[in-house]
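Chemist: Going line by line, the protein sequences match chains A and B. Its first residue numbered 1, the first sequence is counted upward by one per residue in our numbering. Its first residue numbered 1001, the second sequence is counted upward by one per residue in our numbering.
The set of hints was computed from the structure by calculation and includes no laboratory data. There may be inaccurate statements among the hints.
[Stated by the list, open to error] Computed list of lysine-lysine pairs in DSS-like fashion (alpha-carbon distance at most 30 Å, straight line): (1) B/Lys1228 / B/Lys1576; (2) B/Lys1159 / B/Lys1220; (3) A/Lys6 / B/Lys1117; (4) B/Lys1112 / A/Lys6; (5) A/Lys88 / B/Lys1404; (6) B/Lys1297 / B/Lys1220; (7) B/Lys1013 / A/Lys124.
All values derive from a computational prediction rather than experimental measurement.
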Amino acid sequence: MSEVNKVEITCAVNGEERVLHAYPMARLLDALREELRLTGTKEGCGEGECGACSVLINGEIVNSCLVPVAQVAGAEIKTIEGIANDQKLHAVQEAFIQHGGAQCGICTPGMVIAAINLLEKTEKPTEAEIRDGLAGNLCRCTGYMKIFEAVVRACQEEDVKV
Amino acid sequence: MSSPKTERRFVGKSVPRKEGRDKVTGAARYVDDIRFPEMLYGATVRTTSPRGRIKEIIFGENVPWDEFTIVTAKDIPGENYVALILNDQPYLVEEFFNHTEEPVLLLAHEDKFLVEKARRSIRFEIEEFSPVFTIEDSVNKREIIWGEDNVFKSFLVDKGNVDEVWESADVIVEGEYLTGAQEQLYIENNGMIAIANHEDGVTVWGSMQCPYYVHKALIKLFNLPEEKVRVVQTETGGGFGGKEEYPSMIAGHAALLSWKSGRPVKIIYDRAEDMAATTKRHPSHTRHRTAVSRDGKLLGMEIDFTVDGGAYATLSAVVLSRGTIHAAGPYLCPNVRIRSRAVATNAPPHGAFRGFGAPQSIFGLERHMDKIAKTLGLSPEEFRRRNFIQEGQTTATQQVIHEKVDLSGLMDRAFELSGYNEKREKFAEQNKSSRLKKGIGFASFMHGAGFTGSGEKYLESVVGAEATEQGNVRILAASTEIGQGTNTIFGQIASEALGIDYNLIEVAKPDTSNVPNSGPTVASRTCMIVGKLVESAALGLKQTLVGSGFLKDSGYTSEDFSNACRAYIEKHGALKSFSKYQQPEGINWDDEHYRGDAYGAYAWAVYVAEVTVDPTVYEAHVDDFVAVQEVGRVINPVLATGQIEGGVAQGIGYTLYENVVWRDGRMANNQMTNYIIPTSADIPPIRVFFAENPYAYGPAGAKGIGELPMDGAAPAILSAIENATGVSINHIPLVPESLMEELETETI
Ligand code: FES
Ligand code: FES
């Protein structure tokens, strides 16, 4: 592969216009982490199983390890770095801290994105809906209980909008 | 500012995790998030068959090899072994190899993708030797693949005289129990970055549990003095034992590549490599022969426990030790003989995984206890109650239990919270007419905290505390935060000891150039053993401040304390205090006879599982889980509960989902798509309860907690499945195919 095969892709990342220089089939995950140095998005498996690489594209949750950059031309991407508003954490982030939703923290960025996505779609999810909504994100540390609790507590706060 | 009183203000409270904010915002930096200028990417070329001799290495075509840094065993400046216990595992194969994932060659290049292409292009010309894959073949010496008899280590525990009980026993019950391998599956794969050269020595950054293990291994590998090797832990995305010893291997590899290339080198495993090549839980085989009286008293236990250690000794001796000591469980029996051994097979070495041998031997014991109860016509709970160990009685290693232990009470509590008795009745009735079978079962067990026997004495762990110029107190320890809450717990213990605000306590990042060796982060020892040292190191600071007149002995505020720190530093320079482990009085251990006080303290527990078995699709699902335990004083309820929940979830995976498929000594399903861990949809409500009984020698009364929850799920779930189906199953993992086999044989 040589540099000449690289293409320019323009998209918005966390509200800012960015130009990516990448091979069209390069993974969005690598473009975010390596080129934009947004390392909050993690790689756990590289095959769409763990959800550690979750980001929002036009408001939909995706595994960025499965998305070729060519697909995001013109799209709006939101990563974990774009979730807190300056110093103010999102209610989901706050709830994860308060209720033990993060242990080792490696699944946490993806989990927070998934939780926010869930609350965007379902304002007050039932326990079954929470379980279902997070089933694409694996956590090996928590046994999920504290994550469920964090999500429930987050909906009790106002301001859950992204 | 906070009040000057010294009542407990931080211990027992769920203060939020110290590094929580960085973790939820994505700011926390794990090894793969770090990059150095001019950095190369390293890769490991591994053997592809289980046992043999490498005759030739064939480099593929169409790879610009002259652009690569290539390292072989010949490039090693020091010793070619990973220094640990027996030093039998090489960093790089010289000629002979013993499993399918042995590192032979290291490559580095600045283009990640090209490295991968180059790695795949390399072939070996090999002379194959006959391998051994099973415990049975290894024990029977089908081939000698390690030492003289394939045995890494064996133990004998002997209490009373078990040979005399068989004749007079009313009932003798025998049983055989098997457990499979299990992958730790931390979500962050292993990785290291190294900068190594002749002038500065070797520095590595990476994901790990035990910085001083890595340190020791690198000193040998490079033959460098201690101060020329520096190991820094980066934020670590889970360990569970899986990052106890293998990081020494990766660190060495990255450092060798950097040494040769003169550039920083990063090695990050992908999931497939991490799963196939790094350690897993030891598979095990347990045999029980037990003598009981008609009224349900244990008279004699003969236990034979074998674990599969894989190709090299690594930590197998220690895993075996813990498994052996836990093999007779929390029961009183006058005559016990436990024989155990760890044997070699041609699989990648098995290693540490939460519980460290105990989940394996406890599984066998608890299944066997159910079997004995059934043989006697007693309920499993009644049989346990008649044999639970009490204060003043002795364990299998003849340790007198000096703490108040009330397993019957824990059982009452667990049964009440789970509705055990009512459900036993209700399910029996329902199951008659229902296609889905429901059941409820339990396990009772204990787990020792800290290193076994005299281990802590030899470790001589040290913790420091220093005052900072900002007037804070910084804890210096090599104990790593791997998600379990080390930073937070240390903060709580120190603030409690000093009577100052939790936010004034900082915890230094483990970096061997800056923190003393507080021992490895394993064996449920961080809170109980290292935490106690944190407490005394912190108190040492205070003593100096008081002694030198900067602080009143009591009645000070956090602000006073900060001011005193600043004033001291201004006048005298640095203020540090160190504390070294001292074994509590009365702990005696005889290593030769494996007798005496195996652990300073035990955690005690009764876990109850409720299941539904679908006999048409052969699936078992856990519907509810109650975990009741006594772990001394709980320092942080949210963190402690999180530890139990996470451990139980791993235990559920171990029992029902996680099946390592072996093909010729290699893990064949080394992907998350076909090695299945529980998702949020699979895990039942896990309800956690603590009975508190402060332990005199633990910090603020705490004991260990990390491994305990791994022990109870498997036997409890299989007991529940037996209750649901009437079929007693003695092996895990119980994936649908094996459940089918079991249920089918039973109905034939
Ligand atoms: S890294 Fe993308 S799903 Fe696991
Ligand atoms: S917190 Fe460690 S994987 Fe979820």
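Chemist: Now look at each hint and say whether the structure bears it out.
Modeler: Each hint tested on the structure:
1. B/Lys1228 / B/Lys1576: Holds: B/Lys1228 and B/Lys1576 sit about 23 Å apart, inside 30 Å.
2. B/Lys1159 / B/Lys1220: Not satisfied, since the Cα-Cα distance of roughly 41 Å exceeds 30 Å.
3. A/Lys6 / B/Lys1117: 19 Å, holds
4. B/Lys1112 / A/Lys6: Roughly 16 Å between the alpha carbons, so the hint for B/Lys1112 and A/Lys6 holds.
5. A/Lys88 / B/Lys1404: Answer violated: A/Lys88 to B/Lys1404 is near 48 Å, above 30 Å.
6. B/Lys1297 / B/Lys1220: Violated. B/Lys1297 to B/Lys1220 sits at ~53 Å, over the 30 Å cutoff.
7. B/Lys1013 / A/Lys124: Holds. B/Lys1013 to A/Lys124 sits at ~29 Å (cutoff 30 Å).
Taken one by one, the earlier hints fail for this structure at numbers 2, 5 and 6, listed in ascending order.
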